[in-house]
Amino acid sequence: MYGIDAPESKQAFGQKAKQALTTAIATKIVTVIDHGTDIYGRMLGTIWLDGYDINASMVDSGYAWVYRFEDNAIVPGYIKYESAAQKEAKGLWADTNPVPPWQWRQANEKPRKVKGKK
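At position 59 of the sequence shown (counting the first as 1) the number is 59 in UniProt numbering, and the numbers step up by one without a gap.
Wrong hints could be hidden among the right ones.
[What the hints assert, rightly or not] Simulated restraints, written as ranges between beta carbons of each label pair:
#1 A107 to G51: 16 to 26 Å
#2 T22 to R105: 17 to 27 Å
#3 G41 to K87: 32 to 42 Å
#4 I29 to Q103: 13 to 23 Å
#5 N97 to R68: 14 to 24 Å
#6 G41 to A89: 27 to 37 Å
#7 W48 to N97: 12 to 22 Å
#8 L44 to A12: 31 to 41 Å
#9 K18 to Q86: 33 to 43 Å
#10 Q19 to D50: 30 to 40 Å
#11 T96 to K28: 14 to 24 Å
#12 G51 to T27: 31 to 41 Å
#13 M43 to R105: 29 to 39 Å
[Stated by the list, open to error] No farther apart than 25 Å at their CA atoms in a straight line, the calculated lysine-lysine pairs in the BS3-like style are these:
#14 K28 to K87
#15 K18 to K87
#16 K18 to K28
These aren't lab readings, by the way, just hints derived from the structure by calculation. Computed from a prediction, not measured in an experiment: that's the story for all the values here. The beta-carbon is built from N, C-alpha and C at its ideal position, and this holds for glycine as well.
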């Protein structure tokens, strides 16, 4: 999902984040705005359902962090949802020390092959 980073499935709140997304969009017709692919070849998109930005909703519910791009850019508007979720201790922010997924991956996962590189 473009502009956000949710916990990995084996990480704290990973299954809850997956369930929140599944509950929000399962069996529904959504619109996905294509933002290309990441360095691993995965599609990046913004999911819209009935006029709502589901990516923003995941952040607002405390089930994802705002993704900080390499140039520190972020999706405009998402940071206010992250700040509110953190302040209200929603979702992963209820944890006393939530670990961002990029740090968790670095500590727990095997290196992955970057698309187009050997």
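Quick rundown of the hints versus the structure:
1. Hint check: A107 to G51, Cβ distance near 38 Å, so the stated range 16 to 26 Å is violated.
2. Checked against the given bound of 17 to 27 Å, the beta carbons of T22 and R105, roughly 22 Å apart, stay inside it.
3. For G41 and K87, the hinted distance range of 32 to 42 Å is satisfied, since their beta carbons lie about 36 Å from each other.
4. In this structure the supplied range 13 to 23 Å is violated for I29 paired with Q103, their Cβ-Cβ distance being about 35 Å.
5. At roughly 19 Å, the beta-carbon separation of N97 and R68 lies within the given 14 to 24 Å, and the hint holds.
6. In this structure the hint that G41 and A89 lie 27 to 37 Å apart at CB holds, the actual value being about 36 Å.
7. Taking the beta carbon of each, W48 and N97 are about 33 Å apart, not inside 12 to 22 Å as hinted.
8. Range check, L44 to A12: about 24 Å between beta-carbon atoms, so the 31 to 41 Å window is missed.
9. Taking the beta carbon of each, K18 and Q86 are about 21 Å apart, not inside 33 to 43 Å as hinted.
10. Judged by the Cβ atoms, the range 30 to 40 Å given for Q19 and D50 is violated: they are separated by roughly 20 Å.
11. Between T96 and K28 the C-beta distance comes to about 35 Å, which lies outside the given range of 14 to 24 Å.
12. Between G51 and T27 the beta carbons are some 18 Å apart, a value that contradicts the proposed interval 31 to 41 Å.
13. Distance hint for M43 and R105: a CB-CB separation of about 19 Å, inconsistent with the stated range 29 to 39 Å.
14. Restraint check for K28 and K87: the C-alpha separation of about 31 Å exceeds 25 Å, so the hint is violated.
15. This hinted pair checks out: K18 and K87 have alpha carbons roughly 22 Å apart, not beyond 25 Å.
16. Restraint check for K18 and K28: satisfied, since their Cα atoms lie roughly 16 Å apart, inside the 25 Å limit.
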